[in-house]
Amino acid sequence: MTRLRLFAAVREKAGMDGFDLILTEPLPLRDFLTLAAEKSGISQEVIMNRYLLYAVNGDMRGLDFPVGPSDEVAVLPPLSGGV
Amino acid sequence: MARIQTDDFDTGGDIRRLTGSDYRVGGVVIFIGVARGASRGEEIARLEFECYPEMAEKEMNRLEEEARAKFDILNCLIVHRIGEIMAGENIVLIIVTSAHRAQAFDACEWMIDELKRRVPIWKKEYASSGARWVEGHP
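Same order as they appear, the protein sequences are chains A and B. Going by the numbering used here, the letters in the first sequence line up with residues 1 to 83, in that order. Going by the numbering used here, the letters in the second sequence line up with residues 1 to 138, in that order.
Please note: incorrect hints may appear among the correct ones.
Said to hold, decoys possible - Using 25 Å as the maximum straight-line C-alpha spacing, the simulated DSS-like pairs for lysine-lysine come out as follows:
#: 1; chain 1: A; residue 1: LYS13; chain 2: A; residue 2: LYS39
#: 2; chain 1: B; residue 1: LYS58; chain 2: B; residue 2: LYS70
#: 3; chain 1: B; residue 1: LYS116; chain 2: B; residue 2: LYS70
#: 4; chain 1: B; residue 1: LYS124; chain 2: A; residue 2: LYS13
#: 5; chain 1: A; residue 1: LYS13; chain 2: B; residue 2: LYS116
#: 6; chain 1: B; residue 1: LYS58; chain 2: B; residue 2: LYS116
These aren't lab readings, by the way, just hints derived from the structure by calculation.
Start from the sequences, fold in the hints, and give me the full structure.
In structure tokens, the structure reads:
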């Protein structure tokens with residue numbers, strides 16, 4: 001099972017903090033997000049826009065990075081920790 | 001070892017734990033980020049911090065390791081609070097120990113800049129006009 005996790009503004013816009021998908025084969029992150037939007041009903045614009053960063057298993061990745069059947073994908077809005 | 005916690009930190013206790021009995025320590029540089037009570041001309045009563053816990057802790061530990069490799073320092077520590085934080089309360093603590101001050105100041109500044117750029121933590125401001133997620137770093 002591949003887990004999509006959503007945080008902060010993205011979580012609020014999506015109305016959920018995550019969504020699980022069953023992948024039969026690895027997909028580029030871009031295609032995974034498109035599929036996740038389609039299956040979850042989340043607007044694609046909410047999880048795919050130029051302001052967002054992405055992590056796979058806790059490491060920042062680009063949209064071409066392959067996502068596997070047991071990976072965790074996180075959608076990260078612009079960061080604002082610190083002060 | 002970096003920490004994420006909801007409770008306020010004990011700066012004196014963390015300094016003592018970090019320096020221990022290391023006789024090489026000649027200076028301790030501390031940065032404490034505090035919740036401002038105003039933003040964009042409005043009063044901010046409280047903030048809420050959310051994080052991606054597994055990744056944030058991993059990235060903060062990486063930052064500590066990189067700082068030890070990049071600067072001539074003895075030790076360093078990052079502690080970040082999450083959850084509800086009232087105006088005036090502490091948010092983040094960075095402590096750096098070194099034999100001489102210059103490297104500790106440089107390392108401390110580098111660590112807070114990198115934390116803001118790389119660590120998945122988000123801040124929501126509660127102003128009189130409503131609540132908003134802060135995007136980017138003023």
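Check: B:LYS58 and B:LYS70: Cα distance at most 25 Å?
Finding: Status holds; Cα separation ~18 Å.
Margin query: Given the hinted pair A:LYS13 and B:LYS116, is their Cα-Cα distance within 25 Å?
Written below: 23 Å, holds
Notebook entry, point to check: Is the Cα-Cα distance between B:LYS116 and B:LYS70 25 Å or less?
Noted result: It holds: about 18 Å lies between the C-alpha atoms, which stays within 25 Å.
Note to self: With the threshold set at 25 Å, check whether the alpha-carbon distance from B:LYS58 to B:LYS116 stays at or below it.
What the structure shows: 14 Å, holds
Next item on the list: Take a quick look at whether A:LYS13 and A:LYS39 sit within 25 Å of each other, Cα to Cα.
Entry: 16 Å, holds
Next item on the list: Compare the distance between the alpha carbons of B:LYS124 and A:LYS13 with 25 Å, and conclude whether the hinted pair is satisfied.
Entry: With Cα atoms ~14 Å apart, B:LYS124 and A:LYS13 stay inside 25 Å; holds.
Taken one by one, the earlier hints all hold for this structure without exception.
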